[in-house]
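Asker: Sequence:
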Amino acid sequence: MAMALIKDELADTGFFLMRTPALPWEVLLNWCADLARPAGAALLRARLREIVERPQVREAIELASPGFSRRMAPWLNGCENKDALAIERVAVRYLQRLASRATPFGLFAGWASGPIGDVTRLTVAPRADHRRHIRLDAGYLQEVSRSLAKDACVRRHLHYRAEQTLYQAGDRLRYHEMRLCTPQPTYHLVEVKDSHYLRWVLAAAAGEDGATLSAIAEQLTVPLPDLEEADGLAFLEELIDVGLLRPVLPPFATGPEPGRATVAWLRNVATSHSPPSVLSTIFAATDQIACPGEYPEPESTALLQALAESDCAGHKFYVDLEKPAASLSLSQHMANEIARGAELLCKLAAQREPDVLDEFARRFESRFGQREVPLLQALDEEDGIGFEANSYIGASPSSLLDGLPSTREPTKRVWHGGDQRLLQRLAQALMHQSAQVELDHVDIEALVEDTPWTAPHGSTAIVSIAAADAPAMARGDYQIYLQKVIGGSSATLLGRFCHASPELTALVRGALRQEEASDPDAIHAEIAYLPPGKAANVVCRPILRAYEISLCASSGAPPSQQIAVSDLLVSLCEGKVVLRSAAMERRVVPHLGCAHAHQRGGPILYRFLASLAAGGHAAESRFSWGTLSSAPFLPRLVSGRFVLSLARWQLSGKELAAIHLLSEHDRMTAIEALREKHRLPRFVWLPENDKTLLVDFDNALSVDSFLATARRRISVAVTEVFPLPDQLLANGEEGSFHHELVVPLVRARRVRETLRPARAMPSGQDSRPGEDWLYFRLYAGPSTLDRLLTECVGPLAAALRAEGVIDTWFFIRYADPEWHLRWRMHGDASILWRHVVPRVFSALAPWRNSLYKHAIDTYAPEMERYGGFQAMELAHAIFESDSVAAISIIARYRADNEARWRAALLGMHTLLDDFCLGMDERRRVMTACRSLLLKGRAHQETLVALAAKYREVKSVVGSLLSTQTHDCGEADLAIRTRSASIAPTINKLVALDADGLLGCSRVALVQSYLHMWANRIFRDCANTYELALYDLLARHYAGEMARRQAGDN
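Using our numbering, the first residue of the sequence shown is number 43, and each one after it goes up by one.
These are calculated hints, taken from the structure and not from any lab test.
Idealized CB from N, CA, C, for every residue including glycine.
Check the hints yourself; a few may be wrong.
[Said to hold, decoys possible] Simulated restraints, written as ranges between beta carbons of each label pair:
1) Arg555 with Ser476: 43 to 49 Å
2) Thr145 with Ala516: 27 to 33 Å
3) Pro97 with Asn310: 46 to 52 Å
[As the list claims (entries may be wrong)] Simulated pairs of lysine-lysine, DSS-like, Cα-Cα distance not exceeding 30 Å:
4) Lys618 with Lys526
5) Lys124 with Lys696
6) Lys192 with Lys576
7) Lys733 with Lys526
8) Lys733 with Lys696
9) Lys733 with Lys719
10) Lys124 with Lys733
11) Lys235 with Lys895
12) Lys576 with Lys733
13) Lys719 with Lys696
14) Lys192 with Lys124
15) Lys895 with Lys618
16) Lys576 with Lys526
Work the whole structure out from these sequences, hints included.
Answerer: And the structure:
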C-alpha cells in the first residue's frame, strides 16, 4: 500500500455499530446439507416450509409484508401450482435475506453499539436479549396531522408562523411551496403581491411560538379598526391555504420520538374536539407501549397483530431490532486501520465524483463576484442563479410533459489517467487467470493522481472483517473490505436509531462534538427538513446539535436554537461556498445527520444545504472501475489488508433465460457448467436496485429464485460473497453471522478559519451599440421575462412602432446558460441611439430588482438559415408578427401551461396552413423536426413515451385542429391576426423560391419558423415541448392521411 498517501486525516469517535442479520449463516448451510439430486428439491422445499413456520421467521415476514404472509398459507399446506411457485421464490429470498444481509430492515436484521477498546470481539447477543423498538410511520403521522389541521375548529386552536422562506423580490414577495402530488411532491417558487395587510399578518405571526388565528386577527384590528372578525379570519384562512402561514404541527424532523410527540399533540386536540376514528386505534396502541423498546415477545407480538388488523395496517408502524451485547468491542488498532482505509478509499474515489457546488460557485462568481448576498436571493431562479434543477415560478410545466424523458444530454464517462493503469492490471489478471489483483504503491499513486482531498468534518465507514478466527486476526492474518464511506456527518447512518437508545444518542452527540472541535470558529447547525411520505422514517432523529436550520417548519428545537434561512448569507472564499448568519455574525456550517437521499428531490434550499453539508465530498465514496465497470470479469482488488472491490462477473441474461426453461435436473447441470465456465464460487450476491440478494448455486430453490429474477435482464452482474463462511468473525450462541461495522469518523486535525470575503460592489456592464439594429439582452428569471414581455417590451415596442420611431422589432429567448431575452428593433441608427435607448432605459427602471443584467449588443442576422439577404428582410416581418402573437398569448395564459401548449400547437398547425403545405408535406416536415430533436437522445425510449402521450391527448389534438370546432379564444384571434399579417410576406417568399432566389428549401425555412414560434411561446423546457408538439402533429397528420385514403377506398 502507498503509505505516504495516508496522512491519518481521519480518527474514530470511540464507538461503532455492528449490524447483523437475524439468523446465523448455519441456517442456510443446514437447509441444503446432505442433499443429493433428484430428491434434493423436494427435501429443500419441505425444509424451507419448516424454517418459514418458525415464529421468528414468520413474524419477520409478517411485518415486512402482511399481505404476502397471508398468501403463503396454500404453499405452506403443500400446494405446488404456479401461484405457489411464485410464493416459494419470494420465501426463498426472504429466508436468504434473514441469514445473509446485515442492513437493518424490520426484524430481518439488527444492530448493536460497542466501544473502541483493547480487543476486537464481534459478539452477537443471544435472542433472549434482543430488544424491539416499535414506532408509528412518520409519513402516516404527517397525513393525520395535516388532515386534522384542515378542520376549521382545530385550526382556531393551532399556532401559526409566517412561512420561513418568505423574502422580498422587488415589489413582490416570494416563497417556496411544496405541493403534495402523486407519485411524489413538487416544489415551486411562488410569487405574491406585497401589501400592508399581508405585512401586518406576517408581523403578528413572527414571534418565536407563532400565534393563534384569533390573536393574529386581533392584531389586524389595530390598523383596521372596522375589520369584522369573520372577514379577518377568512383572510387568514386564505393565507393558510396558500402556505404563507404554516401551522406548528408534529411530527418534526428533530426532537422527541415523532409517534409519541404526535400522539401527545393529538390527545391535546382531542380534549376539545372529536378526533377522526382512526386516532382511537393509535391511542389504544400507544397505551399498550409503556416502555419504548422493551417488550416481552408475547406482548409485542400481540400488539403487532392488533395493529396489523386495524385501520393502521399498510405499514403504518415499523419495528427496529436492537441486539445489545455487553462484550462487543473493536480494538483501537483495528479502528485505526479502518480510519486509514477509509481515507484511502475517499482519495481513490475523489476524482470520479463531480461536485454540484463547483458549478454553483462558478455561476455565483459570474453573477455576484465577491459580494455576500442573502441565500434566498442567490437560490432564486428568477433574480439569482438557482441550484441544479429549476424551481422558478411556473416551473414543473404542464401535463403534456409528464412521463417524457428529459432532453438533457446524458452524462458521458470520461477516461481517466488511472483507468489506463487499471486496464493494465486487469489484462495481467486475465492473462494469468487470477481472481485477485494486488495494487502496489505505484498503482495507488497512479489512481489517486493529484486529486486534492481534505477530510470532511465527519463521515462513516462501512466495513467487514474476514479472518479464520480470533488468533489469526491477532497475528495480522485478516482482511478489511472497505464497502463504502458515507460523507458529510458521523451521524448520517445513526440518527434514526437514536430514539430507540438513549445510550446511542449520547454517543452520537459526543461524536458530533468531536466533529465541531475540528472547526470551532463556526456555528455547526443541523439541517431539519421532514420529507413527506415514507422517507420521513429515515430522517426523524433527536436534537443532536446546539443549532438547527429549519426548513418547512420541520425543526423540533426551541426557536432560540433555530437559524432562519432568511438569516443566512452566502459568498465565496477561495473558491468555496461559505454561509454566514447575519444575526450572529458567524460562519455557519450545515450538517445532515440522516441518510436521506437529498439528491433525488426536495426543495431547492434543502438540496443546496445538504450538498453544502457534504463539504464537496461524495455522498458515498466507494471504489469504481470507471470505464472498465462493464467488463465481463473484474477480479477482487486489494491493497495490503484492504479489499477495495469484490470480484464481479457479468452473465448473459439470454443464457440464464435458456437455463431457466430447463427441467430441474438439467437446470442444475447447466448451472454447474456455467460456474465452471466463469469460475464462479458457490455463493454470490445479485445486486437489485438498492439491495443485494444472496444466491447459493448448490441450492436448487435458490437457483430457481435467481433465474426467475435474472432471466429478463440483458446482462446480470454478480459479485463474490465476503467474508466467506469459514471467515465469519461475528459469533453468538446461535452460530456465525455476516456483519457490517459502521464506524463513525471525524477529522483528526483542526482547520484554519475560513475568512468572510470582503463585500464588493457589482461591476459595470460593457455594451456595444449597433447601427440600424438596436439589440438589447435582458437577463432575468423565466417567469419574470414573461412579465417583462407583456408589461414592458410588448407595449413599448407597439408604441415606438406607432410613432414611426422603429419600423420592425422582434424578440427571442435564450439560456446560454443564463435566462435572457434578445430584443431587437430596426430603424434609423441616430434615432435609435438618441431616442429609443433612453426610452428603453426609462421603461426598464422599475424592473431593476428583477432584471439583474442588461446589455446592448450587435445583431448578426442568420442569412444562410433564412434564405439569403432578401429572404432575411422578409423573415424579420414574420418575426415581428410572431412576437406580437406570442406576447398576446403569453399575456392571456401566463399561468396556464395547458392552454399555452395548446395555443402553440394551433400556432404551428396554422403556420403550415399559411405556407400552403399539403398533408403529406406537413407530416414530412413534422417528422423531420422530430428527428432533429431526437438526435443524441434515448431514441426508442422517447418514442415509446411520445406514443403514449399521443394516445392520452389524441382527442384533444383532433378537436383543436378541426376547422369546424377549434377555438382557443384570444389565442385563436392572435394566431389568425398573425396569419393575416404575414400572408403578403409569405407570398414574396414563394416568389423568391419560384425565381430560384431563396437560399434554402421551403421546408427548411418552415422548420426554422416553427422552432422560433416554440421558442417565443414557452418560457422553459422549450425543447421538450417542441419535441412533443412535433410528434403530436406528425401522428395527427399521418392519421388524417390514413383516414382520407380509407375514405377514398
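Asker: Now tell me, hint by hint, if it's right for this structure.
Answerer: Results for each hint:
1. Our hint of 43 to 49 Å for Arg555 and Ser476 holds, since their Cβ atoms are close to 47 Å apart.
2. Between Thr145 and Ala516 the C-beta distance comes to about 29 Å, which sits within the given range of 27 to 33 Å.
3. With their beta carbons about 39 Å apart, Pro97 and Asn310 fall outside the hinted range of 46 to 52 Å.
4. Between Lys618 and Lys526, the direct Cα distance comes to roughly 26 Å. Compliance with the 30 Å bound is thereby established for this hinted pair.
5. Between the alpha carbons of Lys124 and Lys696 the distance comes to roughly 23 Å, so the proposed pair stays at or under 30 Å and holds.
6. Simply put, Lys192 and Lys576 have alpha-carbon atoms about 22 Å apart, close enough for the 30 Å limit, and the pair holds.
7. This hinted pair checks out: Lys733 and Lys526 have alpha carbons roughly 14 Å apart, not beyond 30 Å.
8. At roughly 23 Å between alpha-carbon atoms, Lys733 and Lys696 fall within 30 Å of each other, so this suggested pair holds.
9. For the proposed pair Lys733 and Lys719, the alpha carbon gap of about 27 Å is at most 30 Å, so the pair holds.
10. The straight-line distance between the Cα atoms of Lys124 and Lys733 is roughly 26 Å, inside the 30 Å bound, and the hint therefore holds.
11. Of the supplied pair hints, the one linking Lys235 and Lys895 holds, its CA atoms being roughly 23 Å apart against a limit of 30 Å.
12. Distance restraint check for Lys576 and Lys733: the Cα-Cα separation of roughly 17 Å lies within the 30 Å cut-off, and the hinted pair is therefore satisfied.
13. As the CA atoms of Lys719 and Lys696 are separated by approximately 16 Å, the hinted pair is consistent with the 30 Å bound.
14. For a cut-off of 30 Å, the pair hint linking Lys192 to Lys124 is broken: about 48 Å separates their Cα positions.
15. Of the supplied pair hints, the one linking Lys895 and Lys618 holds, its CA atoms being roughly 24 Å apart against a limit of 30 Å.
16. Restraint check for Lys576 and Lys526: the C-alpha separation of about 25 Å stays at or below 30 Å, so the hint holds.
Of the numbered hints listed earlier, those contradicted by the structure are 3, 14.
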